[in-house]
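Going down the list, the sequences are from chains A and B.
Mapped onto this note's numbering, the consecutive letters of the first sequence carry residue numbers 2 to 257.
Mapped onto this note's numbering, the consecutive letters of the second sequence carry residue numbers 73 to 355.
Among these hints, one or two may not hold up.
Short, incomplete list of chain A residues facing chain B, as computed with Cβ under 10 Å [said to hold, decoys possible]:
id, residue
1, S165
2, M166
3, S169
4, L173
5, P184
Simulated restraints on C-beta separations [said to hold, decoys possible]:
id, chain 1, residue 1, chain 2, residue 2, range
6, B, A338, A, V160, 53 to 63 Å
7, A, R157, B, V249, 25 to 35 Å
8, B, R193, A, R157, 28 to 38 Å
9, B, H141, A, F171, 39 to 49 Å
10, B, G210, A, A11, 24 to 34 Å
11, A, Y154, B, Q153, 25 to 35 Å
For the record, the hints were derived by calculation from the structure and aren't laboratory data.
Even for Gly, the Cβ is constructed at its ideal location relative to N, Cα and C.
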Amino acid sequence: MSASGDRRRASLASRGMQFAFVVILVGVWYLGTTYGGISPILLPNPVAVYHELMDVLATGEYVSDLRITLMELVTAFSISSTVGVTLGYLISRSQYSIRVFEPLFAGMYSVPVILFLPLYILFFGLGPASKIALGVTTSFFPIILNTIAGFGYVDRIFVLSARSMGASEFQLFRWVLLPAALPIILTGLRIGFTVALLSILGSETIASLAGLGHRIVQLGEGMDTARMFAYIAFVVVIALILNMAVSTLEARAKRP
Amino acid sequence: MNDIAVKVRNVSHQFGEQGESLHVRALLDTSLDIARGELLCLIGPSGCGKSTLLNVIGGLLEPTTGTVHVGNTQVKGPLPQQVAYVFQENALFPWSTVIENVKLGMMFQGVARTEREPRARKSLTAVGLADFADHYPGQLSGGMRQRAALARALSLETEIILMDEPFGALDEQTRMVLGEDLSALLSQTGKTIIFVTHSLGEAVFLADRVAVFSARPGTIKEIIAVEEPHPRKPAFMTSEKFTLLRNQLYSLLHDEIRKAVMQSTASERAAASGRGTGKGAPS
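For reference, chain B alone in the conformation it holds in the complex:
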């Protein structure tokens, strides 16, 4: 019982009410256990509800039905002491320097003032940004900004980190390097990570287990285990095991992606045919 960090039970979520034009069933009756210290990747076609599930786990979104437990606590809202977030887009405050950003997070969480500075320095050093503490986010590259966002999450010293396509906006080469660094970093900390991605390679490279989503309304279709110790080396990426797992993921996803593409074409056509007040669209 105690080695389960997050317990998801029969979670469904819909945006808008049934019968409304913007009604979307994003997530359907999903159940999942995430072990302590595990890195779980959620992968699936766009709009399948993987980010929705992440937001439900993080308490940013209340599910229509079902429950989520973090440890023994039922999730009713954000749990800043237990769960930290790294968002896809740049969620650093552009009006504050990198280190101020990290310290603000700790202030929100309730860390004592004297502890903030050393903890911020430590986490910035851990992600390799010690020399950029006094830069503004706008002065950093996309990859460095995501490192800073990761430092902010690490400094909160939560047991769980949720990452919503954190490298989604970066180029292939930057995300490879960041992936390697992340694997090395996390193997030391023993944190529980839930990581949303749409990159097959990233999922296999980082995850202990990969949960594959079906097209909307999304639910977990299959879970694949990646038996490879952390930290993972670049050589893993060229191994036969990696290729086999990647291909297995691809064949699982292929049909779902086709379905999702058909859906989105249909819904775009529906949207183009008029109306809609732009409220609570799924991500």
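Just chain A, with the same shape it has in the complex:
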């Protein structure tokens, strides 16, 4: 009882410190831009950024860019999770194919995929297709690697005992392999989702026709720094919400 109380107090204290840190950061930012003589083109005043953000939200001009970025993300993640989980399961069926493909994919996972963006733009143009292709490429590897790890290394004793009790192939999959592998696969899906979001936003800032990343670069190039900061804050909040949603889903599905 008192131990959990201690823990709650400790966690409250660390939350308080985190909050104080952010407040101090914004405070320094405010003081520096108000009295420090920093050019508003380099670093706009937080109050100005706040007003710009309210304007962006009120006019709803973010909607078309947000829709494009989310469409790219959902398409990329659907493709990579479907292909990654299916292929990962098939590979995990034999020790031989695990030995062949796991090191191969692990090696490819360490390649900085952003280097392929110029190639993808050549293939698919400046529109969403090249962003989707990049998102698929980055998220495919963590998803397939975790799927192979999840299905491929199920404790043999579980399989043996299910077989000894007469489990059919489908029952073995549904009641033994899948629940054993699921927590690891879900972690792969979460990582895949996060890196897909990162690479899509990143590639939008490099070469694109629309999307949140595109909008941010456009505002920066137009020296509309306050509005650019407002968009950055907006994207940060969207990314936080998406990542929290995915983490919550993962945690809920993992609870036995």
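Chain A is already provided as a structure; the job is to place chain B on it using the hints.
Chain B only, in chain A's frame:
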């Protein structure tokens, strides 16, 4: 003829092919009859093939040569209607509660849905776990997990239960209590049990007969009968008869264990000197 539950004839098993570095002759020309309702212990030095024999009887491993019959059926694969298993390690599914584990086993075996719940409750009560039905295996002690595994095997209502060092990972005191409970439980059910152990005391305390294995390649060296009615009381453990039987087992095993230790040192040295792809090692 009808009072023989399991008939093992000239069973040999080897892992890997002759000439391969991992080639191991685990079991050599073993024959054995197990009577209906009998509790037979297999005991021997580690790596002697006693677990291999158990897996061959259970249909989890196909022998290189020889045959096994359960009743009149030749064993070609698992026989879930006739044979249930209790494994050494914790083979309960950690993502399911104790009662879900028991019910899953019955589902695999093909028991009708409505029958599963009452049968699961009954077998959990029999092993003293009625109050822990909704716990997850991770919330139970090692001894309780093995009780749950036993409940899962009992709920399948098979005639034969194979137990592969079911108490091997438990401490001495827990296994004593579990042994007593097992003896009491099984004396009521009349099941045929084949029980692999490396504990001399456990073998004498539980078994109607103890089959002693030689070192690898293992075969049955001698079978000792333990004439003592079930359920066995703790007092049996301190009796002169118990001590004599235990000593007899010890002298039979002593030389074999020495041989096995020499073998494993030699094979470890061979393994340390390189190569090996880790396929199908004997247990």
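Outcome of the hint check:
no.: 1; hint: S165; in the structure: holds (4 Å)
no.: 2; hint: M166; in the structure: holds (4 Å)
no.: 3; hint: S169; in the structure: holds (8 Å)
no.: 4; hint: L173; in the structure: holds (9 Å)
no.: 5; hint: P184; in the structure: holds (9 Å)
no.: 6; hint: B:A338 <-> A:V160: 53 to 63 Å; in the structure: violated (32 Å)
no.: 7; hint: A:R157 <-> B:V249: 25 to 35 Å; in the structure: holds (29 Å)
no.: 8; hint: B:R193 <-> A:R157: 28 to 38 Å; in the structure: holds (30 Å)
no.: 9; hint: B:H141 <-> A:F171: 39 to 49 Å; in the structure: violated (30 Å)
no.: 10; hint: B:G210 <-> A:A11: 24 to 34 Å; in the structure: holds (26 Å)
no.: 11; hint: A:Y154 <-> B:Q153: 25 to 35 Å; in the structure: holds (31 Å)
In the structure shown, a violation is registered for the earlier hints numbered 6 and 9, in ascending order.
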